[in-house]
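J.: Turn these sequences into a full structure, and let the hints guide you.
The numbering used here puts the first residue of the sequence shown at 6, with every later residue one more than the last.
FYI, nobody ran anything at the bench for these hints, they're computed from the structure.
Source: prediction; values computed, not measured.
Some hints here could point you the wrong way.
Pairs of lysine-lysine residues, derived as DSS-like cross-links and limited to a Cα-Cα distance of at most 27 Å, are as follows [said to hold, decoys possible]:
1) K296 / K184
2) K569 / K702
3) K483 / K702
4) K184 / K460
5) K296 / K214
6) K184 / K337
7) K142 / K184
8) K282 / K534
9) K682 / K569
10) K184 / K224
11) K687 / K477
The following label-pair restraints were derived from C-beta to C-beta distances [stated by the list, open to error]:
12) G225 / K699: 27 to 33 Å
13) D188 / L40: 52 to 58 Å
14) Q690 / T648: 20 to 26 Å
15) Y535 / T648: 29 to 35 Å
16) K653 / Q494: 41 to 47 Å
17) N94 / D376: 49 to 55 Å
18) Q656 / K699: 55 to 61 Å
19) V24 / L78: 20 to 26 Å
From the three backbone atoms N, C-alpha and C, an ideal C-beta is built for every residue, glycine too.
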Amino acid sequence: MFFSELKRRKVINTVLPYVGVVWLLLQVVSVVVPLLSLSPLVGTFSAVLLFALFPVVLYLSWFYDLTSNGIVLTPADDSGTVTPLGWKNWTALCGILLLSCSIGFSYFQQVRSNSLKAQEGISTVKVADSIAVVGFKDQSPEQDQQYLAEGLTEEITSLLGKMPNLTVAASGSGLVLSKQGLDPIAIGRRLEVKTVLTGSVRRTGDQLKIRLELLETEKGHTLWTETLQRSLSDVFALETQIARAVVNLLQDNYLDQSAISNHANTQSVDAYVMYLKGREQYRLQTTEAIKEARKLFEQAIALDPEYAQAHVALADTFVLLSEGKSEFGVLKADVAAQLASQSLAKAFLREPNMAEAFAVQGKVFEFEQQDDQALAAYDKAISLNPNLAIAYMWRYQILYRLGRYDESLASLEHSYRLDPVSVATLYNSALELSLRGLYPEAEQRFLQLIADFPKSPWGYAGLGGVAAFQGKLAKSIKYWQQAHLLSPQNQHFKSNYISVILRLGMVDQASRLATESDYQNTLLLQSGKYHELFQIMNFQLAASPDDGWIAFEAGWYQVLIGDKQKGIELLLKARTLIKESELYGMPFCSPAIELAWALQQRHEAAAASQYIQQCQQQLNNAQIGNQVDWELDYLGARLAVLTGDHQKALQQLELAISRGWREWWLSYDPLLLALHKNDKFKQLQSNLSLLMAKDKKQALLLFPDSPSQHTSTQQQ
6 MFFSELKRRK VINTVLPYVG VVWLLLQVVS VVVPLLSLSP LVGTFSAVLL FALFPVVLYL
66 SWFYDLTSNG IVLTPADDSG TVTPLGWKNW TALCGILLLS CSIGFSYFQQ VRSNSLKAQE
126 GISTVKVADS IAVVGFKDQS PEQDQQYLAE GLTEEITSLL GKMPNLTVAA SGSGLVLSKQ
186 GLDPIAIGRR LEVKTVLTGS VRRTGDQLKI RLELLETEKG HTLWTETLQR SLSDVFALET
246 QIARAVVNLL QDNYLDQSAI SNHANTQSVD AYVMYLKGRE QYRLQTTEAI KEARKLFEQA
306 IALDPEYAQA HVALADTFVL LSEGKSEFGV LKADVAAQLA SQSLAKAFLR EPNMAEAFAV
366 QGKVFEFEQQ DDQALAAYDK AISLNPNLAI AYMWRYQILY RLGRYDESLA SLEHSYRLDP
426 VSVATLYNSA LELSLRGLYP EAEQRFLQLI ADFPKSPWGY AGLGGVAAFQ GKLAKSIKYW
486 QQAHLLSPQN QHFKSNYISV ILRLGMVDQA SRLATESDYQ NTLLLQSGKY HELFQIMNFQ
546 LAASPDDGWI AFEAGWYQVL IGDKQKGIEL LLKARTLIKE SELYGMPFCS PAIELAWALQ
606 QRHEAAAASQ YIQQCQQQLN NAQIGNQVDW ELDYLGARLA VLTGDHQKAL QQLELAISRG
666 WREWWLSYDP LLLALHKNDK FKQLQSNLSL LMAKDKKQAL LLFPDSPSQH TSTQQQ
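T.: Okay, here's the thing in structure tokens:
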């Protein structure tokens, strides 16, 4: 049936002439191309185009006949009835044309890539979608150019990271593993990449000699080797050449010289060297090292004010030196944001498409509480460099804070895949484990952090946090003590160290550490010096009458140990001064939960209910994220009391204590006052006192020069 219809429609009569024309044209092209010294790709393009049109001609020949009178429409059947083509026929024709041209174009691109690669003397050695650039070795005569070798590793990694469809492990992970003595193949397997680029750097005067070796990790075979020699002033062109060569070796598509741009250019070799020395300090990730990196980046900019990469690096140090849990705590956040913004403005003016610049800008937006702009900046950074691990890490942090837990975890996991041996990823991934109650797994990862980075305080800080999560305060103090010793200028470490000490009522020990005025009020409170405390708070209220947080703090102290009614007035005053967006700070949903209590005391049930409902929603969101946290359990207990469910409140409180709730002010909390006469509450309070007394005895052994008889008023 089909063949008879094929014969009736005279398809072969139409197709054969086309085949003849194709053959004739290709013969002409084969003669003309070499005669006119045209590119061989002209012949290839002509052949591909003609063959791509063959399915179109075949389809049209089913509906049209080629006659001596021209092209005529073929009757639909033997009756001779001619039916015009409908929209379905033309749609099918367009589909065939697009598909055929698409296949032809892909084939032509492949031939073109191979041809261009052949002209450069290279060819695809292995189709691979992942690579790690392992730290180059310093082979200079004086062995003093390691910063240069590591800098080249970073720059080449950054250039490769911009390539689509290529997963590039972060340079930091490779550098750490190299320093541990692992060979490149072992490093590649640890980082789970298919190929590894390694080599050595030798600097003699202003001359650079780089030996390169591309390895595949599965069997350890060498895929490619090359030795390049250039002047140090040509280092940026050299980095681009290396990155382009690697991509052309690993992927089918061909990249020409304009496909990769190096935004790290500077006309000053001295500025570049100073920048690399700054990066060397930056990688140490301590407060002291980051401060030194800042100085070196400033010197690089002084040598070349047009050096965009140095401006970005300087902005990055301002961000890291700001106060905060994940930063290094030297600059006020608003000051750090202002300084970073100034540096970024200079960077964007000189180079508007730097992924690292957008990542740092995202952090600045976070400091300014512009969350939507921050996320947009992180997304822009990732679009420019899909392998920029720190952008995924910072994106995870803001998404987590916004309660978008699934998205935040996906971003964290992506960061961990790209950079599994870094302080940031190890710390945050371990922190996630601890927040989900997986304490042994979290401890193992923090111990791995210490093993990989023995000079970093973050592993000890993480262990201190895990111990505190479990209510093991003496153990927590031990780890925070080690973190503080490794980085004494880090205010975050010092603050946590002092905070855990104060939770055990060790006022004397805390006083020796808390030299800043920030701890003055807490120390007065725990020392029982209430009159002096209220004098200070009255002065602060008079000096800053429009500061809602001062009003809240003063009011809270009053309801704890002073004039309850005055405290309620101050809390309600704070309600009118604090921004709505700042009322629901988790995990305690504070100050909203305290304001709800104050409103209930004034019989304003409707207003209190709004805060309670929002806090309950915040708690539900956190629990959806699978967090295991005694702080959330304690919030649940407070909410239960405010809603009149005392039985649930006692259950939540018992759960909080079993999970690690250890606070001296439990019996002072006005939100739990309705439970004080309950026998179950009294038993829980007694058990808590025994646990804390035992922990305090162990903690005092960590301070042999302090008299153990010094105790706080709360525990006498």
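J.: A separate judgement is required for each hint: does it hold in the structure or not?
T.: Status of each hint after checking the structure:
For the given pair, K296 sits about 23 Å from K184 by alpha-carbon distance, which is consistent with the 27 Å threshold. Under the criterion of a C-alpha separation no larger than 27 Å, the hint pairing K569 with K702 is inconsistent with the structure, at around 34 Å. Between K483 and K702, the direct Cα distance comes to roughly 13 Å. Compliance with the 27 Å bound is thereby established for this hinted pair. Of the supplied pair hints, the one linking K184 and K460 holds, its CA atoms being roughly 13 Å apart against a limit of 27 Å.
Pair hint K296 plus K214 does not hold up; C-alpha atoms about 32 Å apart against a cutoff of 27 Å. A hinted pair counts as satisfied when its Cα atoms are at most 27 Å apart, and K184 with K337 does not qualify at roughly 35 Å. Distance check on the hinted pair: K142 and K184 sit about 10 Å apart at the alpha-carbon level, within 27 Å; holds. Taking the CA atoms of K282 and K534, the gap is near 51 Å; set against the 27 Å cutoff, the hint is violated.
For the proposed pair K682 and K569, the alpha carbon gap of about 19 Å is at most 27 Å, so the pair holds. Restraint check for K184 and K224: satisfied, since their Cα atoms lie roughly 23 Å apart, inside the 27 Å limit. With a C-alpha separation of about 22 Å, the suggested pairing of K687 with K477 holds against the 27 Å cut-off. Against the hinted window of 27 to 33 Å, the Cβ-Cβ separation of G225 and K699 comes to about 55 Å, which falls outside the hint.
D188 and L40 have their C-beta atoms about 55 Å apart, which keeps the hinted 52 to 58 Å range intact. A beta carbon spacing of about 22 Å between Q690 and T648 agrees with the range 20 to 26 Å that was offered as a hint. Range check, Y535 to T648: about 32 Å between beta-carbon atoms, so the 29 to 35 Å window is met. At about 45 Å, the beta-carbon gap between K653 and Q494 stays in the expected band of 41 to 47 Å.
Remark: the range hint 49 to 55 Å for N94 to D376 is upheld by a beta-carbon distance near 53 Å. In this structure the supplied range 55 to 61 Å is violated for Q656 paired with K699, their Cβ-Cβ distance being about 24 Å. The given range of 20 to 26 Å is respected by V24 and L78, whose C-beta atoms sit roughly 23 Å from each other.
In this structure, the earlier hints numbered 2, 5, 6, 8, 12, 18 are contradicted, and the remaining ones agree with it.
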